[in-house]
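J.: Those protein sequences? They're chains G and Y, same order as listed.
The numbering used here puts the first residue of the first sequence at 396, with every later residue one more than the last.
The numbering used here puts the first residue of the second sequence at 9, with every later residue one more than the last.
Keep in mind the hints are simulated off the structure, nothing from the lab.
In this text the structure is predicted, and so the values were computed from the model without any measurement.
Note that beta-carbon positions come from the ideal geometry of N, C-alpha and C, so glycine has one too.
Where hints are given, some of them may not hold.
[Claimed, not checked] Partial pick of chain Y residues on the chain G-facing surface, computed with a CB cut under 10 Å:
id, residue
1, G203
2, L231
3, L240
4, H259
5, D260
6, A285
7, E290
8, Y296
[Claimed, not checked] Listed next, with one range per pair, are the computed distances between beta-carbon atoms:
id, chain 1, residue 1, chain 2, residue 2, range
9, Y, V315, G, S462, 42 to 52 Å
10, G, R599, Y, R291, 29 to 39 Å
11, Y, L104, G, G521, 53 to 63 Å
12, Y, Q77, G, P693, 50 to 60 Å
13, Y, Q77, G, W658, 22 to 32 Å
14, G, V667, Y, D79, 22 to 32 Å
15, G, W658, Y, G244, 12 to 22 Å
16, Y, D249, G, S462, 46 to 56 Å
17, Y, R172, G, V667, 33 to 43 Å
18, G, R599, Y, R312, 16 to 26 Å
19, Y, S147, G, P410, 22 to 32 Å
20, G, R546, Y, G309, 34 to 44 Å
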Amino acid sequence: MNPLLETTQLARHFPVRLPGGLFGRPGLLRAVDGVSFRLPAGKTLGLVGESGCGKSTTARLVLGLMSPTSGEIRFEGEPVTARRGPAWRALRRRMQMVYQDPMGALDRRLKVVAQVAEPLLVFGQGSAPERLERARDLMASVGLTPHLFERYPHELSGGQRQRVVLARALILQPSLLVCDEPISALDVSIQAQVINLLHDVQARFGVAFLFISHDLKVVRQVSDEVAVMYLGRIVEQGGPEDLFHRPAHPYTRALVSAIPSPWRRDGIRRIVLEGDPPNPMKVPGGCAFHPRCASALPLCRERRPELAEIGGGRRVACHLLAPLSDSASPGALAC
Amino acid sequence: MMPRLLDAAHSSTERPERRERAVPPSGALASRAASLLTAPPALVSIHGLRVAFDDGRRLMPVLHGIDLQIDRGETVGIVGESGCGKSVTWLAVLGLLGPRARVEGSVLLDGQPIHGLNGDALAPIRGRRIAMIFQDPVSSLNPVQRIGRQLAESVSLHRGFDARAARAEATRLLDRVHIPSAANRLDAYPHELSGGMNQRVMIAMALAGEPDMLVADEPTTALDATIQAQILDLLGEIRRDSGMALALISHDLGVIADICDRVTVMYAGRMVEQAPARQLFERPRHPYTRGLLAAMPDHIGPRRRLVAIPGSVPEPGRLPRGCSFAPRCQTAYAACSEAAPAARSVGPNHLVACLRALDA
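Could you put the whole structure together from the sequences, leaning on the hints where they help?
T.: Take a look at the structure:
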């Protein structure tokens with residue numbers, strides 16, 4: 396069966412000016428550098444990584460908001476294009492997005508029910524009363540009470556605004572929702588409400604999520620599959636339980652060990668990575684993680700590891716774990 | 009004049025003997041202070057701290073009486089959601105709230121009252137006795153000055169060093185916060201450093217006055233997970249080495265659990281629970297604390313559906329009668345809406361402001 400969304404060797408490079416000379420010298424920012432994944436219908440793929448790893452650029456590419464430098468995206472079997480036209484507009488109906496800041500995504504001079512109904516107007520669906528009827532139904536199903544429908548965005552709380560954004564994204568019955576840090580701006584007690592709501596929405600409408608976050612705990616909570624990105628590439632991919640309990644890639648292991656938790660058992664040492672966060676304008680040669688990796692081999696400086704299956708549906712891009720590598724057994728690292 | 013006295017002590021080039029730099033308290037305050045001085049005083053003790061903001065039409069209360077004591081060398085976590093008053097508490101202690109704020113209550117530093125002091129009188133306390141760092145290091149640093157100059161300025165201001173000595177001390181401080189090749193980094197501008205490095209510079213600057221206490225307001229919230237781990241390690245290390253007390257303000261219970269001895273949970277301008285860290289996470293007693301813990305996703309253990317706290321935090325000025333958490337509380341009963349519950353002891357060092365806490 397074909398996946399709902401499939402990317403193949405997706406790359407997006409930006410020309411930039413680096414310091415040096417009077418006007419700087421030209422450089423290349425490799426925001427996304429060869430990302431391949433498949434997302435089946437009705438499932439959630441979590442993209443996780445630190446700032447600058449390319450997760451948001453991946454989202455924009457998937458949505459057709461910018462064109463890739465190379466590689467291909469297929470959505471419902473059709474190639475995704477960034478060229479605006481009838482095909483692009485049809486695509487927009489089937490995929491929607493939810494961003495971090497709901498206030499920035501809403502029109503502050505329009506009542507929220509009108510904003511939820513607006514996509515129907517844009518696509519010429521139904522009469523005005525029908526559109527309002529559908530907007531009200533959907534707002535109720537994302538947990539908004541009727542007395543909030545006629546309010547303006549500033550009269551709602553952060554969690555309520557994010558529900559409005561979600562209702563508006565769902566009204567065209569999309570098959571894919573791209574969520575870029577959808578709960579990062581919300582308070583702890585509200586985050587749980589929205590996470591649970593995302594689960595319910597998925598169960599009810601069968602929509603797939605591409606869920607992007609820097610918060611590993613949240614990604615584990617919502618995802619069916621998790622991909623960890625580092626400097627524009629996926630370094631590890633697998634099921635959330637497996638990946639968080641037995642991280643294989645040295646970067647994932649550091650990332651998972653860095654999650655602060657009130658329930659951390661004593662005796663689990665936190666792996667503190669040396670050095671600065673990675674700079675996508677100066678991607679190291681070979682494995683991009685090797686300067687911060689405690690177990691780097693000479694090979695890691697020279698050759699870039701490709702994402703390879705290590706068993707159990709887990710894919711890892713690491714020379715230490717490559718099936719053909721004789722330098723270390725996978726068991727040695729997968730503690 | 010008290011302020012002038014303090015200024016004189018502050019501008020002296022010799023290192024003043026800090027413990028003996030007593031502020032002579034005046035009249036009523038002195039008797040209050042004396043009564044509290046019978047036991048060895050806590051480093052900082054806050055009593056009945058109330059803050060209201062004047063928006064021109066009315067007073068908007070945001071803190072409703074905070075009581076908190078912090079001993080020397082202790083690390084206290086202050087946790088709560090946005091608007092609960094966790095930052096305002098410390099901004100009020102340091103007199104940083106500006107003219108629109110009405111602050112009541114008492115704040116004692118080593119048993120000496122520091123509330124009611126004006127800006128000039130607080131200057132030798134800020135940075136020298138209690139330092140504070142914030143979430144976004146870049147907005148706290150001057151973008152057009154090299155970090156060495158900014159650090160040296162703090163050093164000479166607090167400790168009266170001359171330019172050469174201040175620069176040497178600045179290098180030592182950068183080295184102390186593990187910035188590689190510290191001497192070269194003195195000439196860097198903030199924009200040339202990463203967020204994590206800038207937060208290290210801020211910590212170095214906070215250490216410049218060799219304070220007795222550091223207030224860290226969401227110091228790792230803007231940082232990536234692996235950098236957050238580095239900064240938490242650094243704060244823990246500095247605290248162990250220097251014996252400095254630390255008040256860590258965060259919305260993230262995980263971060264609090266990482267380095268704190270004791271935790272205070274705040275909700276809508278009040279403290280709702282206070283306990284030793286392990287006790288709080290293993291046996292939370294206030295329904296809000298329990299709710300927060302149940303609402304947190306985690307990476308340890310099996311995946312479960314989160315138990316969200318219904319509703320949302322009340323806005324200041326629109327607080328419900330009685331316990332502010334009652335409308336969201338599953339265990340609330342009629343008495344909860346009558347009066348705000350006082351904090352009661354439910355175990356060693358464990359305080360809970362909940363009528364239901366004794367039932368549980």
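J.: Work down the list of hints and note, for each, if the structure agrees.
T.: Quick rundown of the hints versus the structure:
1. G203: Holds: closest Cβ of chain G sits about 8 Å from G203/Y, inside 10 Å.
2. L231: holds (9 Å)
3. L240: holds (7 Å)
4. H259: holds (6 Å)
5. D260: holds (7 Å)
6. A285: Status holds, d = 8 Å.
7. E290: The hint holds - E290/Y has a Cβ within 10 Å of chain G, the shortest such distance being about 9 Å.
8. Y296: holds (8 Å)
9. V315/Y x S462/G: 42 to 52 Å: holds (44 Å)
10. R599/G x R291/Y: 29 to 39 Å: holds (37 Å)
11. L104/Y x G521/G: 53 to 63 Å: This hint holds: roughly 55 Å between Cβ atoms.
12. Q77/Y x P693/G: 50 to 60 Å: holds (56 Å)
13. Q77/Y x W658/G: 22 to 32 Å: This hint holds: roughly 28 Å between Cβ atoms.
14. V667/G x D79/Y: 22 to 32 Å: With Cβ atoms ~28 Å apart, the hint holds.
15. W658/G x G244/Y: 12 to 22 Å: The hinted range 12 to 22 Å holds for W658/G and G244/Y, with Cβ atoms some 19 Å apart.
16. D249/Y x S462/G: 46 to 56 Å: Check passed, 53 Å falls within 46 to 56 Å.
17. R172/Y x V667/G: 33 to 43 Å: Given about 35 Å between the Cβ atoms, the range holds.
18. R599/G x R312/Y: 16 to 26 Å: With Cβ atoms ~20 Å apart, the hint holds.
19. S147/Y x P410/G: 22 to 32 Å: With a Cβ separation near 30 Å, S147/Y and P410/G satisfy 22 to 32 Å, so the hint holds.
20. R546/G x G309/Y: 34 to 44 Å: holds (39 Å)
Comparing the model with each earlier hint shows no violations; every hint is respected.
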